[in-house]
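Visitor: Sequence:
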Amino acid sequence: MDNHQQPTCFAQSLLSYLICGLLAGQPVFPAFAAPTPANGATGIDKAGNGVPVVNIATPNGAGISHNQFQNYNVGKEGLILNNATGQLNQTQLGGLIQNNTNLKAGHEARGIINEVTGTNRSQLNGYTEVAGKAANVMVANPYGITCNGCGFINTPNATLTTGKPVFDASGNLHSLDVKKGSITIEGQGLNARESDALSIIARATEVNAQIHANAMNVIAGANRVDKNGRITAIAGEGAAPVVAVDTGALGGMYASRIRLVSSDKGVGVNLGNLNARQGDITLDANGKLTVQNSLASGSLNAKGESVTLSGEHKASGSMNVSGQDIALSNGTFASDNNIALNSEGKLTLSNSRLTAGNSLSLNAQDLTQDGRSSVNTARDISAQVAGTITNQGQLIAGNNAAISSGTLSNSGKIAAKGTTSISAVKALSNAAGRIRPRAAR
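Residue numbers -33 to -1, 1 to 408, in mature numbering (1 follows the signal peptide of the UniProt record, and there is no 0), belong to the letters of the sequence shown in order.
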């Protein structure tokens, strides 16, 4: 995997996109104390109903309020980040609160970074609200974050990260250095539907509950993520995780669009229940990628060292899968447009039904389709296989079918309403199969 990825939703500068992010939490014991600032630049207060209020530090010249905490937790009652300069300011969580005396009118923060300098994991069990002028929010804790019912209010872009923020000479966020730490979503999950973008950037992420967001970015691995969103692999601390991103039985990602990048070589990604209601699902893993169930109103793009898809997968756009080995098993795979499966090794279709509203291409060293599988297209089927095609199922093209291989062993059915072209350089066996130049009408 190229260490230099294309830019992600991660802010082009903290001011324009503070890192399209997230925040997180976990159960209280029964209640967490308010965050503990690490210095006097950040103040702690309470709203009239007892909700903790953080009077954020004075923003720097770049408009960033950088707050450091020994401990940072959010209880079920929530947390208010006070970015307000009016004498009295209405909030959803705490009612009316007073202004933050660290701020001047017209110089409110555009980005709020809450960095944990202590060694305790952050537990976020409630909503975080920015009072006053909306601002992007980042929570950074290298020792990890757990979210159980966390969410955001008045926060255009939210980021949850285990990386260390690095600033340039002008005070802008230059990059995040991620060397360790995990983020866990559990219990009541994470709700970032009121934010434009949500980012989870950590060495590893575990999703055991639902995440709801608009634009969603997940970046896993030991990386430097710069202000333009470019990802560069760096040395991590400690052993690499066994799994970079893991979705449990009750977990899932529900967003307008989803982009996930996992950079640690050989580290797997296990995903389930992906739903992009307005755009693409784009997955790029430098290890084994396993996905069960996805729905995209745009395209599904999945790339891994090896890729296994199962369950129901539907894309209104194209479906593109690439990897050293690809296995589609026990599921249905439907695209309203094209399907492209590109394997450098083995491509296996097992108890799978593939349906393309346009055309389908299969490229591999070896292709195997069992008798419980079928491929149907409205237009063309193209199969380019350097080694052996073993077909026991059905390959049915609404227009033309072009099959090329070193060896073809067909005990299933290959047919097209247009022309059927078969090329087997070494050997062709069709003793128990059917190859029809034109499918029955």
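It cannot be assumed that every hint is accurate.
Said to hold, decoys possible - Calculated cross-link-like contacts (lysine to aspartate or glutamate; reagent style EDC-like; alpha-carbon spacing at most 16 Å):
#1 K131 <-> E161
#2 K313 <-> D247
#3 K281 <-> D247
#4 K270 <-> D247
#5 K380 <-> D337
#6 K313 <-> D292
#7 K131 <-> D144
#8 K384 <-> D337
#9 K255 <-> D337
#10 K131 <-> D193
None of these hints come from the bench; they were simulated from the model.
Visitor: Tell me the numbers of any earlier hints that the structure contravenes, in ascending order.
Guide: 1, 2, 8 and 9
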